[in-house]
Amino acid sequence: MEKELSRRDFLRAGGAGFAGAALLWAAGCGGQQGGQQQEEGGGGGLVERGDIRIEFVTHGPAADPFWSVVKNGVDRAAADLGVEVNYRGPERFSIPEIQRNFEAAIASEPSGMAVTIADPDALVPEVRKAVDQGIPVVALNAGLDVWERAGALNYVGQTEYEAGVEAGRRMREAGVRSALCINHQQGVVTLDQRCAGFEEGLGGSVTEVAVKGDDPTAAQNGIETALRQNPDVEGMLALGPQGALPALKALQASDRGGDIRFGTFDLSPEVLRAIRDERMLFAIDQQQFLQGYLPVVFLTTYAQYLLHPVGVIPTGPAFVTRQTAEEVIQLSRQGIR
Amino acid sequence: MTQTTADGAPLIEARGISKYFGSVVALEDVSMDVRAGEVMCLLGDNGAGKSTLIKVFSGVHPPDRGSLLVEGEEVSFSSPRDAMDRGIATVYQDLAMIPLMGISRNFFLGREPTRGRGPFRRFDVKFADRITREQLRRIGIEIRDTSQPVATLSGGERQSVAIARAVYFGAKVLILDEPTSALGVKQASIVLRYIARTREQGIGVVFITHNVHHAYLVGDRFTVLNHGRSMGTFERQEIGLHELERLMAGGAELEKLEAELSGGGE
Amino acid sequence: MTNAATSGERLRRAGALQRWLTRPELAAVAGAALVFAFFAVVAGDSGFLTLGGTASYLEVAAQLGIVAVPVAMLMIAGEFDLSVGSMVGAAGMIIAISVAEYGWPLWAGVLAAFAAAVLVGLFNGYVVIKTGLPSFIVTLGMLFALRGLTIGFARLLTGRTQIGGLDEAAAGGVLAPLFSGTIGPFSVTVLWWVLLAVLGTWVLQRTVFGNWIFGSGGDPVAARNVGVPVNRVKITLFVCTALSAALLATIQVLDAGSADVLRGTLLELQAIAAAVIGGVLLTGGYGSVVGAVFGALIFGMVSQGIFFTGINTDWFQVFVGVMLLVAVLFNNYIRKRASEAR
Numbered sequence: 001m002e003k004e005l006s007r008r009d010f011l012r013a014g015g016a017g018f019a020g021a022a023l024l025w026a027a028g029c030g031g032q033q034g035g036q037q038q039e040e041g042g043g044g045g046l047v048e049r050g051d052i053r054i055e056f057v058t059h060g061p062a063a064d065p066f067w068s069v070v071k072n073g074v075d076r077a078a079a080d081l082g083v084e085v086n087y088r089g090p091e092r093f094s095i096p097e098i099q100r101n102f103e104a105a106i107a108s109e110p111s112g113m114a115v116t117i118a119d120p121d122a123l124v125p126e127v128r129k130a131v132d133q134g135i136p137v138v139a140l141n142a143g144l145d146v147w148e149r150a151g152a153l154n155y156v157g158q159t160e161y162e163a164g165v166e167a168g169r170r171m172r173e174a175g176v177r178s179a180l181c182i183n184h185q186q187g188v189v190t191l192d193q194r195c196a197g198f199e200e201g202l203g204g205s206v207t208e209v210a211v212k213g214d215d216p217t218a219a220q221n222g223i224e225t226a227l228r229q230n231p232d233v234e235g236m237l238a239l240g241p242q243g244a245l246p247a248l249k250a251l252q253a254s255d256r257g258g259d260i261r262f263g264t265f266d267l268s269p270e271v272l273r274a275i276r277d278e279r280m281l282f283a284i285d286q287q288q289f290l291q292g293y294l295p296v297v298f299l300t301t302y303a304q305y306l307l308h309p310v311g312v313i314p315t316g317p318a319f320v321t322r323q324t325a326e327e328v329i330q331l332s333r334q335g336i337r
Numbered sequence: 001m002t003q004t005t006a007d008g009a010p011l012i013e014a015r016g017i018s019k020y021f022g023s024v025v026a027l028e029d030v031s032m033d034v035r036a037g038e039v040m041c042l043l044g045d046n047g048a049g050k051s052t053l054i055k056v057f058s059g060v061h062p063p064d065r066g067s068l069l070v071e072g073e074e075v076s077f078s079s080p081r082d083a084m085d086r087g088i089a090t091v092y093q094d095l096a097m098i099p100l101m102g103i104s105r106n107f108f109l110g111r112e113p114t115r116g117r118g119p120f121r122r123f124d125v126k127f128a129d130r131i132t133r134e135q136l137r138r139i140g141i142e143i144r145d146t147s148q149p150v151a152t153l154s155g156g157e158r159q160s161v162a163i164a165r166a167v168y169f170g171a172k173v174l175i176l177d178e179p180t181s182a183l184g185v186k187q188a189s190i191v192l193r194y195i196a197r198t199r200e201q202g203i204g205v206v207f208i209t210h211n212v213h214h215a216y217l218v219g220d221r222f223t224v225l226n227h228g229r230s231m232g233t234f235e236r237q238e239i240g241l242h243e244l245e246r247l248m249a250g251g252a253e254l255e256k257l258e259a260e261l262s263g264g265g266e
Numbered sequence: 001m002t003n004a005a006t007s008g009e010r011l012r013r014a015g016a017l018q019r020w021l022t023r024p025e026l027a028a029v030a031g032a033a034l035v036f037a038f039f040a041v042v043a044g045d046s047g048f049l050t051l052g053g054t055a056s057y058l059e060v061a062a063q064l065g066i067v068a069v070p071v072a073m074l075m076i077a078g079e080f081d082l083s084v085g086s087m088v089g090a091a092g093m094i095i096a097i098s099v100a101e102y103g104w105p106l107w108a109g110v111l112a113a114f115a116a117a118v119l120v121g122l123f124n125g126y127v128v129i130k131t132g133l134p135s136f137i138v139t140l141g142m143l144f145a146l147r148g149l150t151i152g153f154a155r156l157l158t159g160r161t162q163i164g165g166l167d168e169a170a171a172g173g174v175l176a177p178l179f180s181g182t183i184g185p186f187s188v189t190v191l192w193w194v195l196l197a198v199l200g201t202w203v204l205q206r207t208v209f210g211n212w213i214f215g216s217g218g219d220p221v222a223a224r225n226v227g228v229p230v231n232r233v234k235i236t237l238f239v240c241t242a243l244s245a246a247l248l249a250t251i252q253v254l255d256a257g258s259a260d261v262l263r264g265t266l267l268e269l270q271a272i273a274a275a276v277i278g279g280v281l282l283t284g285g286y287g288s289v290v291g292a293v294f295g296a297l298i299f300g301m302v303s304q305g306i307f308f309t310g311i312n313t314d315w316f317q318v319f320v321g322v323m324l325l326v327a328v329l330f331n332n333y334i335r336k337r338a339s340e341a342r
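Chains as they are written, first to last, in our numbering: chain Z, 1 to 337; chain H, 1 to 266; chain F, 1 to 342.
Just so you know, the hints here were simulated from the structure itself, not pulled from any lab data.
This one's a predicted model, so the numbers in the text were calculated from it and none came from an experiment.
Every residue, glycine too, gets a C-beta built ideally from N, C-alpha and C.
Anything over 12 Å on all C-beta distances counts as not near chain F; from chain H, calculated:
#1 Gly22
#2 Ser31
#3 Glu73
#4 Leu183
#5 Arg221
#6 Thr233
#7 Ile239
#8 Glu245
#9 Leu261
According to the in silico footprint, chain F covers these stretches of chain H (three or more CB under 8 Å from chain F):
#10 74–84
#11 101–108
#12 117–125
Please take these sequences and the hints and turn them into a complete structure.
This is the structure we're talking about:
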């Protein structure tokens, strides 16, 4: 039977496709970021709060426990100020993906961008591109040494090297002479600085152990192996929860758990419990909630009034020890710390 | 009448060919020859050895015993390409036609015409299209679009295209492996007509089939194989259709069976 | 032969629209137009239609497209290469380690990476041919083996899984602008993509080798019987896919100034998806490079376009999956209707 392919068939198929896509878009719209409400009393200045859109481009996946606190800070600020903020993190740490996110953010012409300069070589040019196009940029969490030459307004974060030094000093006071430094995400300059500072503060020998942060089992195995291969170490420093949690398990599994002084950067519920139960010496809180909250504030005030703080706004190190562990646990449950 | 080449030798000849696969006797002392301008039908039931014999002819298997002659000269093929180069073209049941590819691309697959030189040597699509259309027109097939996939042709048309391709590329001997076996009556008649035409061009055709009726329609001579042995070669005048059928089915054995089954209870 | 009635209908010349509708790349072109229209309407003033926005999705499309072209050609020849993603990671690390760790000049590192790609391609090809195993399995094994080798050697030789600092090595040379330069707002990657697409299309449609590719994929036994060197065709294409992975790795390394062992993860699936969206049959023997080009373009537009709509980027993968299904269904529908009508 002859059936001529008509234009109608073609349009029907195309229409179905279009309708499907539109349906999806409508569904996706439901998941849009909050912070759209107009708040009274936020007026004045060059633009209205409601017209401000800020793009947060970081190297942290939103599912990561550390970064979800940052995102909480971002969302809180967006709600408090009544501005729109989009959080863009990669699915997993991948510089090309972050570069693409940068480019898309710049092309969307936001009122401001808050970024982490995790890899200076790759990302300083991107920041420069944004700045040259007149987009104000606030750097946070990573890029302490380069934010200024990249053209950012200021830097919100922890001074990593100094924090590492302080951690080393505390370990030394606890009697540690040689230690392991567990790096769970190679290629992020902040983590390298922490280990370097730690070595200086400790004054002893530090061996870096590289593990894959997104594979807890493999990480735990790696740390257990390192413990076995370094029988003289008396201390261990993790650089984040992705390293700290496997390390806690490794210490439990190993028979030397009791002798090793363990500290970490950044908090998580398990870390806090471990401190309260004296399985860990300390945790260094860089108060990343502020790293999400403050850039939104700074970019909003810049957009409205062309005002901004100058220089580095340190959010850490804040040491959490057994004394303060219980209160911090409560705040952690709310996703604040 | 049948013709021979200039010096009287048949186009190809098998003399006492034997072929064994392990302990299996595929062919035992089989002799057969094909002359120019004739259709030689190779008959036999399944497993008689027809496929093996034509694989020997087309260079796929070397014979274990016996010799192969092409135009009177003894040859030994080291590969199918060898046989092709000597003008022996085989059209297998799968036709070597690629269903999703266009007709002219199929026609020239492996022997693509080119123009230009060096890195700019390209497949001469225009030439291929023109020739394909011409050759198909000669066998009565009109094609709207030579880039339409081969799958859009009917079974009989596809067979004919495969044969036309072999003829175009200079086949002297055309070996057709069961060309009509998968076709309905109408399609088969297309192919049989074309086979008859091919004979008129002086090509020697080896027509393998287990369908005696088709064979008898176009055949000049008939060779019957049974369990790897030749039951003889017969000219058309020498043998009738019924006789041929009987021979194919096993001759004396079948008579015995017939007697048993009908005469049983007496 | 054909009787009067049937020859009448057969003689009707194929309408131009009819012929165009059965081309393999139709679904991809239509899909790309649809996706473009969608984002233009929904996100046009949020930056999708700006020069910067266009450059950003073209970059994603180009990076995928560079690998999708030879992957599509290999699929048309009837084989899969699932190891291209791991090859990107491996090639990148070869460049980074040789330059940053051993002080080689940049051109030597890049050359080493390309040489490694040739070896990997040859290995893939020979194993597939000699063992007769499905290429899906052989290259899947290579996917794991190559990724493992990359991670293992990286740790062994440098103790790290990510190596930076290549910007200095690249500075002032000719390689950096060649692989990571820009022309206006667009990067050189797009140029490489276009170049490979043109080359691939020309080879496939206009050369003898291209005919052999279709033949090898359509029916390798039949093709061999008429003298097509099927083995040579397939091995050559395996080398091409590996080389394209090395090219992408070079571009990424010079662009980011660093390499890491996980680069290229999942790339092989995206490349296959782009090819399938572009009309390449999974069973081989049919398809086009142009289709794969538009398939990669769809990927780029969706992955970056979703950014401009303000929708959570988590939904990106849903979009891609749906897009893939819709494109293939559309393709099948059109092809079926058009071939019925013959």
